[in-house]
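In numbering that gives the first Met the number 0, the protein residues as written are 0 to 84.
To be clear, the hints were calculated from the coordinates, so they are not data collected in a lab. For glycine and all other residues, C-beta sits at the position ideal for the given N, C-alpha and C. Heads up, a few of these hints could be off.
Pairs of lysine to any residue, SDA-like flavour, derived with a Cα cap of 25 Å [claimed, not checked]:
#	residue 1	residue 2
1	Lys63	Arg47
2	Lys81	Ile34
3	Lys81	Glu37
4	Lys81	Ser62
5	Lys11	Phe52
6	Lys78	Arg40
7	Lys11	Gly51
8	Lys43	Leu66
9	Lys58	Asn9
10	Lys78	Glu31
11	Lys43	Ile4
12	Lys43	Pro18
Cβ-Cβ distance ranges computed for the label pairs, FRET-style [as the list claims (entries may be wrong)]:
#	residue 1	residue 2	range
13	Glu31	Arg79	17 to 25 Å
14	Ala82	Lys58	26 to 34 Å
15	Gly2	Leu66	18 to 26 Å
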Amino acid sequence: MFGGITFMVNGKMCISVGPNRLMCRIDPELHEQAIEREGVRAVKMNGRAYRGFVHVREKAVASKRDLNYWVRVCLDFNKRAKASR
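Work out the full structure, taking the sequences as your base and the hints as a guide.
Quick look at the structure:
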């Protein structure tokens with residue numbers, strides 16, 4: 000599912016960096032808004048979309064400002080996220 004380097008914060012998956020994209024764990028309430036952004040799509044596995052997980056393509060984080068935005072969104076949710084099993 001990850002295929003890259005995953006950064007854990009407080010024992011919880013926060014963000015994964017892979018070839019040409021990030022996988023971000025975000026607030027599920029922001030999911031629909033996030034996938035409307037250019038270069039962002041829902042994470043899908045076995046045909047199922049995972050609400051609160053999005054792939055962010057390289058072009059969507061081309062600037063430091065864009066990258067900082069996604070890191071901030073992930074860290075903000077991490078404070079409230081539940082740890083995986």
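Evaluated hints:
Proximity of Lys63 to Arg47 is assessed by CA-CA distance (about 31 Å); at most 25 Å being required, the pair is judged violated. As the CA atoms of Lys81 and Ile34 are separated by approximately 22 Å, the hinted pair is consistent with the 25 Å bound. About 28 Å separates the Cα atoms of Lys81 and Glu37, which puts this hinted pair outside 25 Å; it is violated. Simply put, Lys81 and Ser62 have alpha-carbon atoms about 30 Å apart, too far for the 25 Å limit, and the pair is violated.
Our distance criterion of 25 Å between C-alpha atoms is met by Lys11 and Phe52, whose separation comes to about 13 Å. Among the hinted pairs, Lys78 with Arg40 is consistent with the structure: their alpha-carbon atoms are about 23 Å apart, no more than 25 Å. For the given pair, Lys11 sits about 13 Å from Gly51 by alpha-carbon distance, which is consistent with the 25 Å threshold. With a C-alpha separation of about 22 Å, the suggested pair Lys43 and Leu66 falls inside the 25 Å cut-off, and the hint holds.
For the hint linking Lys58 to Asn9, the alpha-carbon distance of about 29 Å lies beyond 25 Å, and the restraint is violated. As the CA atoms of Lys78 and Glu31 are separated by approximately 20 Å, the hinted pair is consistent with the 25 Å bound. With a C-alpha separation of about 18 Å, the suggested pair Lys43 and Ile4 falls inside the 25 Å cut-off, and the hint holds. The straight-line distance between the Cα atoms of Lys43 and Pro18 is roughly 17 Å, inside the 25 Å bound, and the hint therefore holds.
Take Glu31 and Arg79: their Cβ atoms lie about 18 Å apart, and the range 17 to 25 Å holds. Ala82 and Lys58 have their C-beta atoms about 32 Å apart, which keeps the hinted 26 to 34 Å range intact. At roughly 19 Å, the beta carbons of Gly2 and Leu66 sit within the given window of 18 to 26 Å.
Comparing the model with each earlier hint shows violations of hints 1, 3, 4, 9; every other hint is respected.
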